[in-house]
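Participant: Sequence:
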Amino acid sequence: MPVCWPATAAGRPAHQPRHVGGGPGPAQGVALPVVTSRYFVRTYGCQMNEHDSERIAGLLEADGYEAAASLEEADVVVLNTCCIRENADNKLYGHLGNLKALKAERSDLRIVVGGCLAQKDGELIRQRAPHVDVVFGTHNVHRAAELLGASRTGGPQVEVVSQALDDAAEFPSALPVRREVDYAAWVTIQVGCDNNCAFCIVPAVRGREISRPFGDLVAEVGRLAADGVREVTLLGQNVNSYGRDLATTLRGAAPGPGDAHVAGRRWADEGRRRPRALFGDLLRAVGEVEGIERVRFTSPHPKDLRQDVIAAMAETPAVCEHLHLPLQAGSDRTLVAMHRGYTAARYLDRLVAARAVVADLAVTTDLIVGFPGETDEDFDETLAVVAEAGFDSAYTFIFSPRPGTAAAEMTGAFVAPDVVAERFERLRSVVERSALARHRARVGRTEEVVVEGPSKKDPALHSGRTRQNKLVHFASGTRLRPGTIAHVEVTGAAAHYLTGELTDVVAAPRHRARIPVVALGG
1 MPVCWPATAA GRPAHQPRHV GGGPGPAQGV ALPVVTSRYF VRTYGCQMNE
51 HDSERIAGLL EADGYEAAAS LEEADVVVLN TCCIRENADN KLYGHLGNLK
101 ALKAERSDLR IVVGGCLAQK DGELIRQRAP HVDVVFGTHN VHRAAELLGA
151 SRTGGPQVEV VSQALDDAAE FPSALPVRRE VDYAAWVTIQ VGCDNNCAFC
201 IVPAVRGREI SRPFGDLVAE VGRLAADGVR EVTLLGQNVN SYGRDLATTL
251 RGAAPGPGDA HVAGRRWADE GRRRPRALFG DLLRAVGEVE GIERVRFTSP
301 HPKDLRQDVI AAMAETPAVC EHLHLPLQAG SDRTLVAMHR GYTAARYLDR
351 LVAARAVVAD LAVTTDLIVG FPGETDEDFD ETLAVVAEAG FDSAYTFIFS
401 PRPGTAAAEM TGAFVAPDVV AERFERLRSV VERSALARHR ARVGRTEEVV
451 VEGPSKKDPA LHSGRTRQNK LVHFASGTRL RPGTIAHVEV TGAAAHYLTG
501 ELTDVVAAPR HRARIPVVAL GG
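Per my numbering, the sequence shown starts with residue 1, numbered consecutively.
Hints may be right or wrong, so weigh each one.
Subject to a maximum C-alpha distance of 27 Å in a straight line, what follows is the list of computed DSS-like cross-link-like pairs (lysine-lysine) [unchecked claim]: (1) Lys457 to Lys91; (2) Lys91 to Lys456; (3) Lys91 to Lys103.
Keep in mind that the hints were calculated from the coordinates and are not lab data.
Please take these sequences and the hints and turn them into a complete structure.
Facilitator: Dropping the structure here:
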């Protein structure tokens, strides 16, 4: 798997392979076998963490490491953590307990903890698990390989910084990336979050919103397309607010990639400033990059969903007909307590508007059960809104108090666990009925599917995703490479997937560039 380095990044010294065998190292001119150190990255959490793990892997491979097939075979184990829910903390410390026994057998094993929980807990991780060698947070992923190297000579390293990105050159997308698949890529357009949802710890661990420059993003997508990528997913904590923090540009400045697509707005007269590029503009520009056939994004905030974004989805053929729009609750009283900034009626109005403009739109959502103070009436309102919305699927979560959030202080209003469990099952049932109905409506249709690989349900089948991000397990009668675009006739439906049969192959995976190191940053 090629490691992709940005054109502007400084060269890195190669990691020195381990000398195998006792005694002194080989004399000059004598070649002895060496074994390259191997790493294994385990990721917890969201797509942002998945993409951070790609960067960590890219940094390690640029430093001379190779990927291990399993954790047990690795010389370096990296745990890239999440802290959205309490069970994420429990999972981490449980895995660290298992690794303690492994390290007792192999003293040279290096254990690294990064990500959101590392950002939150910092030194506490080493206090609870002294066998950890390196701890780094969300703002200094670029230091992962350096801290690992320092731990070999200087002992355990803990480095957590409060905020990063003093300039665009430090943006995480300017790091090397090791992608797991050739045909699809994540592109981070923004880090941080300026919202203040009562239940959410993300602003505390990811920092304030910072947008990546518009031209840099379009240029990166162009390079990805040249490397054989045909699908990109634009990532941000609140993609709707992309660009609001970017400075406007003087008319006399040299336009960058994508500047012609700023929603068709004319550049101002000499001495005036042009409008900022916002998320709808970015969707249009990325969707017009040659070779990019699918554009996805996650996640927008309902209060910030603008008509220009909906229009860009409808008018840009490459942008997929899928909108993930987190509702969280259907009770206005609960939404106010959550600090969400919209009402249930406003959410539904925007949903109706989006479906009216974007043909065949699939809408998915997030829902929280048992937020502090949630009454039976509040929950019934949520059920009613979910039924009216008719979601294609939903991620449903039981409220988990996170230290430092407003909701964690509402201890007197916590809902009894048995009540929450009963509500959760009722909500899940409503969501699944809606999803099944929408999936059954697709039976008999022919869908465009990008092949992901053999089905996990049945290795004799293939699995892939439609433009609406629906999982399809289908019979093909032939071997299809990941990244193949195929037409599949839908023959069956379940709440969480479709089944079907291959009708024809539209396009094989595009040939990747043969040069193993490709510029991705800018």
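Participant: Does Lys456 sit within 27 Å of Lys91, going by the straight-line distance between their CA atoms?
Facilitator: holds (24 Å)
Participant: Would the pair Lys457 and Lys91 pass a check requiring their Cα atoms to be no farther apart than 27 Å?
Facilitator: The hint holds at about 26 Å.
Participant: Check whether the Cα positions of Lys91 and Lys103 lie no farther apart than 27 Å.
Facilitator: This hinted pair holds, its Cα atoms lying about 18 Å apart.
Checked against the numbered hints listed earlier, the structure breaks none of them; every hint is satisfied.
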